[in-house]
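Enquirer: So you can see what is in the structure, the chains are spelled out below.
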Amino acid sequence: MKITPETLTAYLDGELDEQRTNEVRERCLADAQLAATLAALQIDRDRLAQDYLALGTAAPIGDLRSALPESMESAAGVGPAGGKRKLLMAAACAACLVVGGLVGSGNWAGTDKSWREAVAEYQVLYSAETLKWNAVAPAVVDTTLKRLSDRIGVTLTRQALRLPAAEFKRGQMLTFGTRPLVQLAYLHNGAIPVAFCITRDGAPDAGLASEVREGLPIVHWAKDGTSYMVIGDVPKAQLAAMAETLRGRL
Amino acid sequence: MRDQLEQHLTSLWRFALVLTREPEQARDLVQATCVRALEKTALYQSDSRLDRWLMTMMINVWRNELRAARVRAGSGTVDAENVLSFDGAGHMETNIFASQVLTAVAALPEAQRETVLLVYLEGWTYAEAAQALDVPIGTVMSRLAAARTKLAAMNPHDKAVRKSK
Numbered sequence: 001m002k003i004t005p006e007t008l009t010a011y012l013d014g015e016l017d018e019q020r021t022n023e024v025r026e027r028c029l030a031d032a033q034l035a036a037t038l039a040a041l042q043i044d045r046d047r048l049a050q051d052y053l054a055l056g057t058a059a060p061i062g063d064l065r066s067a068l069p070e071s072m073e074s075a076a077g078v079g080p081a082g083g084k085r086k087l088l089m090a091a092a093c094a095a096c097l098v099v100g101g102l103v104g105s106g107n108w109a110g111t112d113k114s115w116r117e118a119v120a121e122y123q124v125l126y127s128a129e130t131l132k133w134n135a136v137a138p139a140v141v142d143t144t145l146k147r148l149s150d151r152i153g154v155t156l157t158r159q160a161l162r163l164p165a166a167e168f169k170r171g172q173m174l175t176f177g178t179r180p181l182v183q184l185a186y187l188h189n190g191a192i193p194v195a196f197c198i199t200r201d202g203a204p205d206a207g208l209a210s211e212v213r214e215g216l217p218i219v220h221w222a223k224d225g226t227s228y229m230v231i232g233d234v235p236k237a238q239l240a241a242m243a244e245t246l247r248g249r250l
Numbered sequence: 001m002r003d004q005l006e007q008h009l010t011s012l013w014r015f016a017l018v019l020t021r022e023p024e025q026a027r028d029l030v031q032a033t034c035v036r037a038l039e040k041t042a043l044y045q046s047d048s049r050l051d052r053w054l055m056t057m058m059i060n061v062w063r064n065e066l067r068a069a070r071v072r073a074g075s076g077t078v079d080a081e082n083v084l085s086f087d088g089a090g091h092m093e094t095n096i097f098a099s100q101v102l103t104a105v106a107a108l109p110e111a112q113r114e115t116v117l118l119v120y121l122e123g124w125t126y127a128e129a130a131q132a133l134d135v136p137i138g139t140v141m142s143r144l145a146a147a148r149t150k151l152a153a154m155n156p157h158d159k160a161v162r163k164s165k
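In the order they appear, the protein sequences are chains A and B. Its first residue numbered 1, the first sequence is counted upward by one per residue in my numbering. Its first residue numbered 1, the second sequence is counted upward by one per residue in my numbering.
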């Protein structure tokens, strides 16, 4: 029987049965060419395994661990037990915005504050560091956007949300009172956090309008019972251009 | 499931780094895999090894990303046996591997690299690798034979590489 490099490989890897192992061993002892082929296939598996294990010492465990809860709430929609995990900066905005796990649980403070004011109070806490290290794996983004789309009733895709000079970093399901509120976070020119937020509030259609809240410029509009806003500390003309782009796509 | 995922982050990172050959991509891939795992928790059989279930899932996530990246780049369909990586070998960050042998593994074509990863780095049997990769055992053997030839030849002066099986 012809002994191929594949057979020799299986022999070296201990994948042949005893009879075939003995046969290959004997053939290699008797055949110099086969022995040479065998030699050309030899590698140090122990060293490979050792060096591979050593890679783990450089694993960014902190980053990976901190990304886990984010993945759970944004993509799987299953927070930790009870789902009542507030965001990192919740102390300053607990009365305004809470994560999806609190939907319908009566935690809204009940003020007459507008949703744009609530978003502005939240947004003002953002810095470049908030988003800079956020992973943007397409599979994660797609999964997140699909869930957000289903919840808010607006089809959100990576293509529709793409903006010049602003990198999409994260999508989150938030709540304003009992209403779902989608927050799509961007980093403008790698430095300035910008948010595109959507809530389904039954508001009448309205064209683009500008305002400033918490020192942050806002451009907002409403269409088909859904309100939209773009907020961030970028020049008003640029913010308006972003809003116009998004409004034209959604 | 979340607590169990945390226990496997180091091994998932290691696995992802060899697949992607780039730390940022590896981090994203670990995250994407964890997200997928959380979605598919109901499909996990508690009597099987979680790390292997996750790694199989990671390969599939990576392949899908690979395919999408190729289409986006206008490259069309590429033979998985020969393709080096979604961004080409020219972008490989060889310096992320201090180890010469791992650098050699990183230079292997995609299909050989993932097979070497499962069998030689993770210690899976041929049958287990074949199942995870959804290929016949004969394909696993031919990929490993080709990989062995390259790994041995890439370091002709490194006796440690060729020292033993």
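Rather than coming from a laboratory, the hints here were simulated on the basis of the structure. Glycine included, every Cβ here is placed at the ideal spot set by N, Cα and C. Mixed in with the good hints there might be a few duds.
Stated by the list, open to error - Label pairs and their in silico Cβ distance ranges: (1) B/GLY123 to A/ALA240: 54 to 62 Å; (2) A/LYS132 to B/THR41: 27 to 35 Å; (3) A/GLU117 to B/SER46: 42 to 50 Å; (4) B/ALA42 to A/ASP233: 39 to 47 Å; (5) A/ALA32 to B/ILE137: 52 to 60 Å; (6) B/THR41 to A/GLU117: 53 to 61 Å; (7) B/SER48 to A/GLY202: 14 to 22 Å; (8) A/ALA240 to B/SER46: 32 to 40 Å; (9) A/SER127 to B/LYS40: 31 to 39 Å; (10) B/THR41 to A/GLU18: 38 to 46 Å; (11) B/PRO136 to A/GLU18: 30 to 38 Å.
Enquirer: Hint by hint, say whether it matches the structure.
Expert: Each hint tested on the structure:
Our hint of 54 to 62 Å for B/GLY123 and A/ALA240 holds, since their Cβ atoms are close to 58 Å apart. At about 30 Å, the beta-carbon gap between A/LYS132 and B/THR41 stays in the expected band of 27 to 35 Å. Between A/GLU117 and B/SER46 the Cβ separation comes to about 48 Å, which falls inside the hinted range of 42 to 50 Å. At about 44 Å, the CB distance of B/ALA42 to A/ASP233 agrees with the hint of 39 to 47 Å.
Judged by the Cβ atoms, the range 52 to 60 Å given for A/ALA32 and B/ILE137 is violated: they are separated by roughly 29 Å. The hint said 53 to 61 Å for the Cβ distance between B/THR41 and A/GLU117, and at roughly 38 Å that hint is violated. About 49 Å separates the C-beta atoms of B/SER48 and A/GLY202, a value inconsistent with the hinted range of 14 to 22 Å. Checked against the hint of 32 to 40 Å, the C-beta distance between A/ALA240 and B/SER46 comes to roughly 54 Å, which is inconsistent with it.
About 35 Å separates the C-beta atoms of A/SER127 and B/LYS40, a value consistent with the hinted range of 31 to 39 Å. Taking the beta carbon of each, B/THR41 and A/GLU18 are about 42 Å apart, inside 38 to 46 Å as hinted. One distance hint, 30 to 38 Å for the beta-carbon pair B/PRO136 and A/GLU18, is violated here, with the actual separation near 23 Å.
Checked against the numbered hints listed earlier, the structure breaks hints 5, 6, 7, 8 and 11; every other hint is satisfied.
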